[in-house]
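Asks: Here are the chains, one letter per residue:
Number of protein chains: 2
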Amino acid sequence: MARVVLGLIGFGTVGSGVVQLLSHQKSLNLKKIAVLDSNKERAVKTVCPVTTNVNEIIEDPEIEIVIEAMGGEHPALEYIRGALERRKHVVTANKEVLAKYGPELFALARQKGVAIFFEASVAGGIPLISTMNKGLEANEIAAVTGILNGTTNFILSSMESKGESYDAALKQAQQLGFAEADPTNDVDGHDVAYKLSILSALAYERFIKPQDIFREGIRNVTAQDMAHAKEFGYRIKLIGTSRLAKDVTSGDSACDVRVHPMLVPLDHPLANVSGSSNGILVNGHAVGEILMVGPGAGSLPTASAVVGDTINLASALQLPDFATYFQPNIRSEWGNVVSVGSWSCPFFLRILVSDTAGVIGQIGTILGAHKISLASIVQKGVQKDEHGASAEIIIMTQSTKEQTLRDAIAEMQKCSFFKSMESLFRVFEAPV
Amino acid sequence: MARVVLGLIGFGTVGSGVVQLLSHQKSLNLKKIAVLDSNKERAVKTVCPVTTNVNEIIEDPEIEIVIEAMGGEHPALEYIRGALERRKHVVTANKEVLAKYGPELFALARQKGVAIFFEASVAGGIPLISTMNKGLEANEIAAVTGILNGTTNFILSSMESKGESYDAALKQAQQLGFAEADPTNDVDGHDVAYKLSILSALAYERFIKPQDIFREGIRNVTAQDMAHAKEFGYRIKLIGTSRLAKDVTSGDSACDVRVHPMLVPLDHPLANVSGSSNGILVNGHAVGEILMVGPGAGSLPTASAVVGDTINLASALQLPDFATYFQPNIRSEWGNVVSVGSWSCPFFLRILVSDTAGVIGQIGTILGAHKISLASIVQKGVQKDEHGASAEIIIMTQSTKEQTLRDAIAEMQKCSFFKSMESLFRVFEAPV
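Chain order of the listed sequences is A and B.
Residue numbering for the first sequence is 1318 to 1749, as defined by our numbering.
Residue numbering for the second sequence is 1318 to 1749, as defined by our numbering.
If we strip away everything but chain A, and leave its shape as in the complex, we get (with noise of 0.2 Å):
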């Protein structure tokens, strides 16, 4: 068989991995790497040309292939689409232009007749993507589920094994290289959001626009939270989710998609994934609950995705016309989502009232109105400041829809016991 030709655009932590892997890939012929400074030094030696200018690789009319692991929105959606255009299949790692562009390129890839295989963009090395794709072809799924970022993940498993404290925990996160200097993309749910749109593709056929996620990070979770949760039975981990859903006004089919953190129980397998592992439960009408666990980020298992992909489109390529079958069925439209909520779940509250008797009586009876039935309700203890004594009252209640909760709240706000609403937490039920 003729080797097949690829080049690269990007040669930092995945890139190197990538060039690594191939090494050991008779059939594979890197060409060139594409790099914005050709000066810096690269954690992998390789003979392969590097050159500053992609066009190098794209208009390289023997190049077939175009691996894209430079990861950003720009210019990695311009080099995506230069390579579609000249029908070019694309690898690439990129969750936030697959997220962003998903149905504008995946349109251009139908026209122009070529693949884009993506496993490396979820999950890093689990193959979560050819199983969602392939293997649970025969299911409808209702729901994806799980722990998708590796570096709040991390910093979550840190501040509960050491009882330290976020800003800790992140600054040593940045230091053993699991969090960049700027976390936000991170810690505020964003890369979730962007793989959730992805799953949502494979799942629903239609990717949702990452601003219509719901997104709450974890940089307000405190040790305090942690130790609660535990003796509850639970422990807080930053899930996110994309569940089938009905839009109630419409009557359409839409999404729930949402990522926040949650109180997960300690005997859930999700409550087990530690470190910087994810960890994905994939629902299916037909197969039940399907759970993935394995490395989500890192140089090799990101490049092991990557690398999996090249081969599988090489070995795919003498075959003519071959790139229908691995066009995913994703609609050109984007999806709709219902409101954060119109979902119920338990729900976990830690709030400070004033300090005087009837308290949990009071609070009772306005969830009472409002339907709510309670878990428990605990108080905590007292504490005095300037403005007297306060109790801290935490209280689990049984699954309610979201939006009543809130409705409750607002109504307690208004009340001249309460004082302040120190945590709010989802608790995690298994999906369906």
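By construction, these hints were calculated from the structure, which means they are not laboratory data.
Accuracy of the hints is not assured; some may be wrong.
One copy or two, it doesn't matter: identical chains are merged, so the pair holds either way.
Said to hold, decoys possible - Simulated pairs of lysine to any residue, SDA-like, Cα-Cα distance not exceeding 25 Å: (1) Lys1343 / Arg1648; (2) Lys1429 / Tyr1642; (3) Lys1362 / Gly1605; (4) Lys1688 / Ser1659; (5) Lys1688 / Ala1747; (6) Lys1357 / Gln1644; (7) Lys1526 / His1687; (8) Lys1429 / Ser1632; (9) Lys1348 / Glu1457; (10) Lys1348 / Glu1358; (11) Lys1362 / Glu1457; (12) Lys1429 / Gln1635; (13) Lys1343 / Leu1561; (14) Lys1357 / His1704.
Computed from a prediction, not measured in an experiment: that's the story for all the values here.
Based on the hints, put chain B in the right spot on chain A.
Replies: Coordinates of chain B only, in the frame set by chain A:
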């Protein structure tokens, strides 16, 4: 797209699930079902004609894909072979036929230019085959290890949670339909051995003859063993593994392939795979470790894998010569295995000795002479019977070569203090 015409052989548990799921697939046309007994009541209704003459499927030129869901060695082997010889693609859930005749059948498929899809043959609904075959394509697999049989996992889980005997748990599993009337295939590890042969073919390109696989079932596991294991922080699971090893005599690559009960640390994910679920760890040189957990058996989960395969196959049928893309790299010769004695792990022993002073010292001396380090040695209690007083001793060793341990045990058995070997379990360590 023209509808792809299918024939189904077998209308039992798996076949019924297949019929049910196929009814939602508009691009697939199930033309006929072959059964052994046409008068039998079926769980699922279908308008599809049913025949007792399998040749109406195998010899029908219109049928492109034959789904074999009858199980067992004969006549399933002959039907699969007959379908391949007539250039029909085959989707099968039959681990026994693949494990025993894999080299011949895959060679025949290559020769005839057709594909064999077999996702359902291992781990039921978990897409493990496609993950090994495509998802982890860039990896050299170091080990595949896990809980591969739902029946035995159900029995062991009930024994532990209810403290009941093997016989009681088996009986209950039979009543609930989780175990067959003759449970040999499951409880003696044959089923796992077949699956390990198939996984070895995917990981190391060679099937392993089932009779070459070291096999120890769960018949001798007692509730007492379970309780002792728990006390030491372990849970007993039936673990199958195939690991790349070196044959010390020839220097050739060979596999360590085996199925036996093991003590799994309680905090390891495999310890928490309960009931009839399966859980598998795959270790790849690039990705590290991937865990997959899900339903390992059952009508719809297994049918999910069968129908997923069928959809993937059918959508590729329009590509000329596509079958090579789906022919895994499997050599036609059988793989070699290393002796079970050549692998190392920690061991858990429970022995009865005469209740005399200095016995623990003597045991320690014998183990020490064989350079076996102890993790712990504990006397659990003294019991009296017609042969005098006996003490129960529990020994946990550090990792040691199994042959070395066997030599040491043989030496102990010659000593006057030795009464009987009550249990011997290998202890799970993370593979590689």
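Asks: Hint by hint, note whether the structure agrees.
Replies: Here is what the structure says about each hint:
{"no.": "1", "hint": "Lys1343 / Arg1648", "result": "between (37 Å within a copy, 19 Å between copies)"}
{"no.": "2", "hint": "Lys1429 / Tyr1642", "result": "both (14 Å within a copy, 22 Å between copies)"}
{"no.": "3", "hint": "Lys1362 / Gly1605", "result": "between (46 Å within a copy, 22 Å between copies)"}
{"no.": "4", "hint": "Lys1688 / Ser1659", "result": "within (15 Å within a copy, 65 Å between copies)"}
{"no.": "5", "hint": "Lys1688 / Ala1747", "result": "within (23 Å within a copy, 49 Å between copies)"}
{"no.": "6", "hint": "Lys1357 / Gln1644", "result": "neither (36 Å within a copy, 42 Å between copies)"}
{"no.": "7", "hint": "Lys1526 / His1687", "result": "neither (33 Å within a copy, 65 Å between copies)"}
{"no.": "8", "hint": "Lys1429 / Ser1632", "result": "both (20 Å within a copy, 19 Å between copies)"}
{"no.": "9", "hint": "Lys1348 / Glu1457", "result": "between (41 Å within a copy, 24 Å between copies)"}
{"no.": "10", "hint": "Lys1348 / Glu1358", "result": "within (20 Å within a copy, 62 Å between copies)"}
{"no.": "11", "hint": "Lys1362 / Glu1457", "result": "between (45 Å within a copy, 21 Å between copies)"}
{"no.": "12", "hint": "Lys1429 / Gln1635", "result": "both (17 Å within a copy, 19 Å between copies)"}
{"no.": "13", "hint": "Lys1343 / Leu1561", "result": "between (43 Å within a copy, 22 Å between copies)"}
{"no.": "14", "hint": "Lys1357 / His1704", "result": "neither (58 Å within a copy, 79 Å between copies)"}
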